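Those protein sequences? They're chains H and V, same order as listed.
Note that our numbering numbers the first sequence so that position 30 is 30, with each residue one more than the last.
Counting the second sequence from 1 gives a position; our numbering is that position plus 1000.
Hints in this document: simulated from the structure, not taken from any laboratory.
Each hint should be verified, as a subset may be incorrect.
[To be verified] Pairs of lysine-lysine, DSSO-like flavour, derived with a Cα cap of 30 Å: (1) V:1181 x V:1010; (2) V:1022 x V:1010; (3) V:1181 x V:1244; (4) H:32 x V:1215; (5) H:32 x V:1022; (6) V:1022 x V:1261; (7) V:1181 x H:32.
[To be verified] Restraint ranges, calculated between C-beta atoms of paired labels, are given here: (8) H:49 x V:1181: 41 to 51 Å; (9) H:11 x V:1168: 38 to 48 Å; (10) H:9 x V:1246: 55 to 65 Å; (11) H:52 x V:1169: 52 to 62 Å; (12) V:1067 x H:2: 41 to 51 Å; (13) H:52 x V:1165: 51 to 61 Å.
Predicted, not measured: the structure shown is a model, and the values here were computed from it.
Glycine included, each C-beta is placed from N, C-alpha and C at the ideal position.
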Amino acid sequence: MELLLRVNGAERRFAPPLTVEGLVGKLGVEGKRVAIERNGEIVPRSRYAEVELADGDRLEVVVAVGGG
Amino acid sequence: MDDRLLIAGKAYGSRLLVGTGKYRDFEETRLAIEASGAEIVTVAIRRVNIGQNAGEPSLLEVLPPSRFTILPNTAGCYTAEDAVRTLRLARELLDGHSLVKLEVLGDAETLFPNMPETLAAARTLVAEGFQVMVYCSDDPILARQLEGIGCVAVMPLASLIGSGMGILNPWNLQIILDRAKVPVIVDAGIGTASDAAVAMELGCDGVLMNTAIAKARDPVRMGRAMKLAVEAGREAWLAGRMEKKPYRASASSPTDGLIGKTA
Chain H
1 MELLLRVNGA ERRFAPPLTV EGLVGKLGVE GKRVAIERNG EIVPRSRYAE
51 VELADGDRLE VVVAVGGG
Chain V
1001 MDDRLLIAGK AYGSRLLVGT GKYRDFEETR LAIEASGAEI VTVAIRRVNI
1051 GQNAGEPSLL EVLPPSRFTI LPNTAGCYTA EDAVRTLRLA RELLDGHSLV
1101 KLEVLGDAET LFPNMPETLA AARTLVAEGF QVMVYCSDDP ILARQLEGIG
1151 CVAVMPLASL IGSGMGILNP WNLQIILDRA KVPVIVDAGI GTASDAAVAM
1201 ELGCDGVLMN TAIAKARDPV RMGRAMKLAV EAGREAWLAG RMEKKPYRAS
1251 ASSPTDGLIG KTA
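Given these sequences and hints, build the entire structure.
Structural data, given as structure tokens:
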């Protein structure tokens, strides 16, 4: 059974089990300064390895960009 | 002379705050901001592009938080809820850094602030321990309410964001300045150096701008011009300008000792 996640507004499928840390690797943003919100709640960086994602989770993965 | 800008207990040597948008590339961003002498730079928070530009440098590598005070903003947010969520993400992104720029827009065409949503977001953010610098309309009553909520700086617009129209209502700014106990920073609408100088001559504590520098023909040179304008305006305000005497000329040279006169 696959995990269906909504990442930055787009549906993506992953093989379970998957932690936030695993997701960061699969998205190719490891080592980047990002912040992650899961179902409206911040996931602290220190917890990426332990937070396991569930089917239907909504994730926002953000960075700082130029703006005024 | 110690004349530093004090925001939320931290002192800054520069009274010019700059945005980081609309530049051609990161190199131009870096050079223009260095020329401006700004210490506080504002950045937007956006979804990461997944699977793109994996090896490219990021903005925070070009403008490292070890060197600049990064001021995450909520540009593009139209509700208090989105603004609060964005800044919670920003605080996590910046390792607990709590100084933020709140802006909640009300209209995509004018980018005028939605003040009821701004007030609601400010209340939530202050309660959560954020130090809130707030973009607002130039309404003295709303500015006072934002200060009452606990915002660490109020940032009324000079004119519409990105318009370069300059200071449209210096009288409202003056009323805000006369009453505020927190720093007042003009945010939005500055077009050229004289606009920045006028803001500082009114007694503003600082000026925040982006487009005026980024969209100048030579952004690096304009960065320097803005640095000088903010410094000149501040010095003029501290010096205290001469009294204005409408329709009354007053010669600067001696009125006696002129040649050709009978003694």
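Hints, one by one, checked against the model:
no.	hint	in the structure
1	V:1181 x V:1010	holds, 16 Å
2	V:1022 x V:1010	holds, 28 Å
3	V:1181 x V:1244	holds, 27 Å
4	H:32 x V:1215	holds, 29 Å
5	H:32 x V:1022	holds, 22 Å
6	V:1022 x V:1261	violated, 64 Å
7	V:1181 x H:32	violated, 39 Å
8	H:49 x V:1181: 41 to 51 Å	holds, 46 Å
9	H:11 x V:1168: 38 to 48 Å	holds, 46 Å
10	H:9 x V:1246: 55 to 65 Å	holds, 60 Å
11	H:52 x V:1169: 52 to 62 Å	holds, 55 Å
12	V:1067 x H:2: 41 to 51 Å	holds, 44 Å
13	H:52 x V:1165: 51 to 61 Å	holds, 52 Å
Consistency with the previously given hints fails for numbers 6 and 7, ordered from lowest to highest.
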